[in-house]
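Asker: From first to last, the protein sequence lines are chains A and B.
Quick note: the first sequence uses this note's numbering, first residue 1, plus one each step.
Quick note: the second sequence uses this note's numbering, first residue 1, plus one each step.
No wet-lab data here; the hints were simulated from the structure.
Glycine is no exception: its CB is placed at the ideal position from the N, C-alpha and C atoms.
It is possible that some hints are incorrect.
Taking lysine to aspartate or glutamate pairs in the DMTMM-like style, the calculated list, with each CA pair at most 20 Å apart, reads [to be verified]: (1) B:Lys26 to A:Glu68; (2) A:Lys36 to B:Glu56; (3) B:Lys94 to A:Asp93; (4) B:Lys26 to B:Asp37.
Rough simulated footprint, nothing fancy, chain B against chain A, three-plus residues with beta-carbon under 8 Å [to be verified]: (5) 18-27; (6) 64-75; (7) 88-94.
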Amino acid sequence: MSTFATEHAGGGIPLYMKVWYALLALTLLEVFLAYKGMSVGLMLSILMGLSVVKAALIVAYFMHLRFERFSLVLTLIPMTVLCICLFSVFFADSVRLYDLRWPR
Amino acid sequence: MAATTVGQASASLWQGGASPYSISSKKLGMWLFIVSDSLTFGALLAAYAYARVSSENWPTPFPIYPSIIVATVMTFCLLTSSITMVMAVLNAHKGNVKATVRWLGFTMLGGLAFVALHANEWFHLIGEGLRPFTNPWGDPPGSTPLFGASFFTCTGLHMLHVTIGIIVLANIARGFKKGTYSADHVEISGLYWHFVDLVWMFIFPLLYLMSVNRAA
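Start from the sequences and build out the full structure, keeping to the hints where you can.
Answerer: As structure tokens, this is what we get:
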């Protein structure tokens, strides 16, 4: 058994059940919003915002990151979020690849 | 040997000899894998979102029944399998072998239900004429061929992850029962399982809810 296993501490079953209820409620809210008439950009933003909240709940509680040392959180999360944001920002630039082909 | 005691915060924390994260190397390895895998899915979903927003004629082939209701049930299966995985980890750390194996079994059942429902959805869509580079929807039909490519790539890669997760959990359950795997192994396989759940939290709204057929 690892030395670290004894350090396993965190929320109890009631806390995990609350997170599960919240995730189910957010999923139903997303389905409800999908049937509201709105622009594609606005719907994408709202659904992604709710999904980020769900992902944060899963990472913090189910994956236990909230109860780990903060240095681990700082190592893992900001870099991942930054890289994914950069994907989204620079993806449109990849279309330029077609113009870089030689010979045309 | 006080300086080498793992998990002890001290002035020499970042000078070697101590574990700055206070987790096992196996667990750190799984976290790093999860980060790299999240970048893979992040790239796929960013590409999809770009194609979706920039296409005026994107197909909306998913009616409330069966597609959206079945996809919501699939989400429920994955979320429930995550809570059963949490129960398995809690019991593993308490040393309850029987309860751990039982909760791992429930987790695998949730995953199997997800894969079965998803495979059924795939066959249904293929039957309607959806292919990776063409589809019968849009005006004119098939004018947005990227729909099939993005749908099959994102959901296919996710389904592969769920299938691998079920195999891993079966192996961990067998090993934990025999005593060859520790509670640490159960917890680390749980991290992977929760990550698979997390990815679906993005695929479900992006691929399904952004393509609902409101008229049906």
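Asker: Indicate, hint by hint, whether the structure satisfies it.
Answerer: Consistency of the hints with the structure:
For the suggested pair lysine 26 of chain B and glutamate 68 of chain A, the alpha carbons sit about 15 Å apart, so the restraint of at most 20 Å is met. Of the pairs offered as hints, the one joining lysine 36 of chain A and glutamate 56 of chain B holds, with about 18 Å between alpha carbons and a cut-off of 20 Å not exceeded. Between lysine 94 of chain B and aspartate 93 of chain A the CA atoms are separated by roughly 52 Å; this puts the pair beyond 20 Å, and the hint is violated. A C-alpha spacing of about 16 Å is found between lysine 26 of chain B and aspartate 37 of chain B, which places the hinted pair at or below 20 Å, so the restraint holds.
Coverage of the segment 18-27 of chain A by chain B holds in this model, with 4 residues showing a Cβ closer than 8 Å to a Cβ of that chain against a need of three. Given a C-beta distance limit of less than 8 Å, the hint that chain B covers the segment 64-75 of chain A holds, as 6 residues qualify and 3 suffice. With a threshold of 8 Å between beta carbons, the proposed coverage of the segment 88-94 of chain A by chain B holds, since 3 of its residues qualify and at least three are required.
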